[in-house]
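If you read the sequences in order, they're chains A and B.
Per numbering that gives the first Met the number 0, the first sequence starts with residue 0, numbered consecutively.
Per numbering that gives the first Met the number 0, the second sequence starts with residue 0, numbered consecutively.
Keep in mind that the hints are not guaranteed to be accurate.
For identical chains, the list gives no copy identity; a pair is met inside one copy or between any two copies.
To be verified - Calculated cross-link-like contacts (lysine-lysine; reagent style BS3-like; alpha-carbon spacing at most 27 angstroms):
no., residue 1, residue 2
1, 123, 99
2, 125, 23
3, 96, 23
4, 157, 96
5, 23, 165
6, 123, 96
7, 23, 160
8, 123, 165
9, 125, 160
10, 23, 157
11, 96, 160
Derived by calculation from the structure, the hints in this document are not laboratory data.
Number of protein chains: 2
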Amino acid sequence: MDYYSTKITALIEELSRLPGIGPKSAGRLAFHLLNLPETDVNRLTGAILDAKHNVRYCRECCTLTDGELCPICASPARDHSQIMVVENTRDLAAYEKTGKFNGVYHVLHGAISPALGIGPADIKLKELMVRLQGDVNEVIVATNSSLEGETTAMYLSKLIKPTGIKVTRIASGVPVGGDLEYIDEVTLLRALEGRVLL
Amino acid sequence: MDYYSTKITALIEELSRLPGIGPKSAGRLAFHLLNLPETDVNRLTGAILDAKHNVRYCRECCTLTDGELCPICASPARDHSQIMVVENTRDLAAYEKTGKFNGVYHVLHGAISPALGIGPADIKLKELMVRLQGDVNEVIVATNSSLEGETTAMYLSKLIKPTGIKVTRIASGVPVGGDLEYIDEVTLLRALEGRVLL
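Kindly produce the complete structure, drawing on both the sequences and the hints.
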């Protein structure tokens, strides 16, 4: 039984397909949209469609971007011989926020997961190997520290080492400001294994 | 500083204007939308625009609906002499879900709030008074049990009583299944005042 008219029900159904939005939030969002001025609604749908139709993979690093080349790959100020490999565009943004990495990126759009049936051919590995034929000194593997991320890091290391290019992995350990008491054992062991001389 | 391209940033900004969606969720939603098949994205924006352009106030009860008249006002099976007054369309839906009310509704789209500068002329009161010139036996005031809802109920009662039409208010008290221990004092007092003979 529908308590709302057809078009309102359709809108609530569409909104509740979005991740993290349950039926209650979808209802709240739907009525919020219905009460917004039309220009605001058009701006929202316009932004969605504009991004959807115009955002594509960067020709170089495969990150999601507006044009052919992303601003990082297009920048002569970045060190193009140092490539940081990340799983997705949001991980790239996380490293960009630090403001301390001056190399370029490669976005895999996923990680190898035998459990989910995601193999090396399903992520942007081929594109990375093509880039390595250029002038590259180091590949920094910054995939997540999950099972999939580690599997991908191992695979990359085996693939790249024969080319003679240096392959490194970002350190795992105790997060800055983290309280040892609340940190899982695997991380604590990693931190111990990765200890450095003071 | 932008870590994403212009169109992605614009999309995230638009999404983070929505209620209950912070910058992090907006980012997650944006990349979800960018990864969706185009048909799904078009269906979402289509549902938003279709609802926005076609949903209007019901000519009778002012609820949000697709056509001229909402299905409830259009139904000959409902008792049109009994009008339940609610603050918004979602409150109407809440009562419809009970399946036990056979009258019709009137949606005020708000409640009187001197603090927020919302007066009687800012909600759909005039439209209600017009309806009362017809064949109406009872007005059930089902505004919220908040300060604004109570103010509106008092105002309605004073306005309608002189017409001779019966005005009632839904009961306040302890919610079914509610544990007395966790219920606020005002509600407990209301429940006491509204006690009925067993």
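- Where does the structure disagree with the numbered hints, that is, which hint numbers, in rising order? 2, 4, 5, 7, 10, 11
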